[in-house]
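Fit chain Y to the given chain H structure using the hints.
Number of protein chains: 2
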Amino acid sequence: MRVEIWSDIACPWCYVGKARFEKALAAFPHRDQVEVVHRSFELDPGRAKGDIQPVITMLTRKYGMSAAQAEAGEDNLGRLAAAEGLDYRTRGRDHGSTFDMHRLLHLAKDKGRQDELLQTLYRANFAEERSVFAEGDERLVELAVAAGLDADDARKVLADPDAYADDVRADEREAARLGATGVPFFVLDRKFGVSGAQPAEVFEQALTQAWGERSPLRLVDRGDAEACGPDGCAVPQR
Amino acid sequence: MRVEIWSDIACPWCYVGKARFEKALAAFPHRDQVEVVHRSFELDPGRAKGDIQPVITMLTRKYGMSAAQAEAGEDNLGRLAAAEGLDYRTRGRDHGSTFDMHRLLHLAKDKGRQDELLQTLYRANFAEERSVFAEGDERLVELAVAAGLDADDARKVLADPDAYADDVRADEREAARLGATGVPFFVLDRKFGVSGAQPAEVFEQALTQAWGERSPLRLVDRGDAEACGPDGCAVPQR
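Chains as they are written, first to last, in the UniProt record's numbering: chain H, 1 to 238; chain Y, 1 to 238.
The set of hints was computed from the structure by calculation and includes no laboratory data.
Watch out, some of these pointers could steer you wrong.
When chains are identical, the list treats them as one kind, so a pair holds in a single copy or across two.
[Unchecked claim] No more than 30 angstroms apart at the CA atoms, straight line, and that leaves these computed lysine-lysine pairs for BS3-like:
| # | residue 1 | residue 2 |
| --- | --- | --- |
| 1 | Lys62 | Lys49 |
| 2 | Lys156 | Lys49 |
| 3 | Lys49 | Lys109 |
So that you can see chain H by itself, here it is in the shape it has in the complex:
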């Protein structure tokens, strides 16, 4: 079974939802047969690389809420994150483009390090004092290395704005096609969807349901197969 998770590094509910999903997965009896793939979704796809602002400022501008309301929202998120065992800095975080991070996540996927890099980026963005947006490419290289990637591989991707750009956009188109309007968005075997950072019990239910409804295959061709089996291979007749 395969679970695809669309998310953005700048999305606090994605950070929390990943932990909730992982809790459900750890308790799922068939967890060894579940493959998790992370997909890209930028909340702010047009944002320029240098356009960085404090999270509280972004929240007041985007929602028209007061700074006190924005801070209360962050405090609440901090409590919900802590309930999942996650660190969360409620003050002093900043906000910017995540496009380059998504490109690196596709590099990491190719290298079998995707989950490690996503977790490293979430932690850096939500829990660490240093910015993931304001310190330039070498900060991202450092985080890529912490996730087990090669520094030069990461540098090459960051230096070439086209590298993995199409992969990011293909993920985003696929999210739209599947009906996702926000993240985190979980897709099980391309059949079931879970929207948002639902409680672990909802993920447990989704995993159980998707597992139970794994469908029998429809064979596209039932003619004589040129194949090998335990008793030997079909012998070519010409």
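Just chain Y now, with coordinates in the frame of chain H:
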């Protein structure tokens, strides 16, 4: 869309079928949105590591055919392989356990090098003079390195018989559950199956049909999602 391909390195139809599938995929308009995953299937799962014999001998014993018939079968396979642009040594190949190669393919999957290693192993087994069975672990390390893996990573896996052993067996159980009795066996989005080295047109038809029938998702929970979207994030209420 995802295509999973169960195969064995010792299976000539898998070698040929992979090329036919790839021909169809190259012509498929949505090929950039198709992910290919290779799965393990041993034709001879109980075979001891040191149990190596010439292919012709294996064929005569397994089918009770004459050496001349076995050689004619190999000649025909060689012609079919050539038609797909593949080299195929019709004489002098040997046969043995592929378990360690499958374990290495799972290492390669973790490192994003699975397709490279499978192609390297196929070529080594079917087209190169040197044996992939008779020269010990360092021969496999050499092939792993040729596919872009780290030599020490490969050595560690080969030195530990448990490394990735469960992954190989899980793939094989999954093949049985999906109804595969032989390989190559192709599964599209866990919905459509193609058995054997079918002509490229059959793979084209399967890709087109599976693409057209990608199903809408069923949402497991439609309640208020704790999520972020283009217009901002849900604000936690507690």
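Consistency of the hints with the structure:
Taking the closest pair of Cα atoms, Lys62 and Lys49 come within 30 angstroms of each other only inside a single copy of the chain (19 angstroms); across copies the shortest separation is 64 angstroms, beyond that limit. Taking the shortest Cα distances, Lys156 and Lys49 sit within 30 angstroms of each other inside one copy (17 angstroms), while across copies they are farther apart (42 angstroms). With identical chains, the CA atoms of Lys49 and Lys109 are at most 30 angstroms apart within one copy only, with a shortest distance of 23 angstroms there and 33 angstroms across copies.
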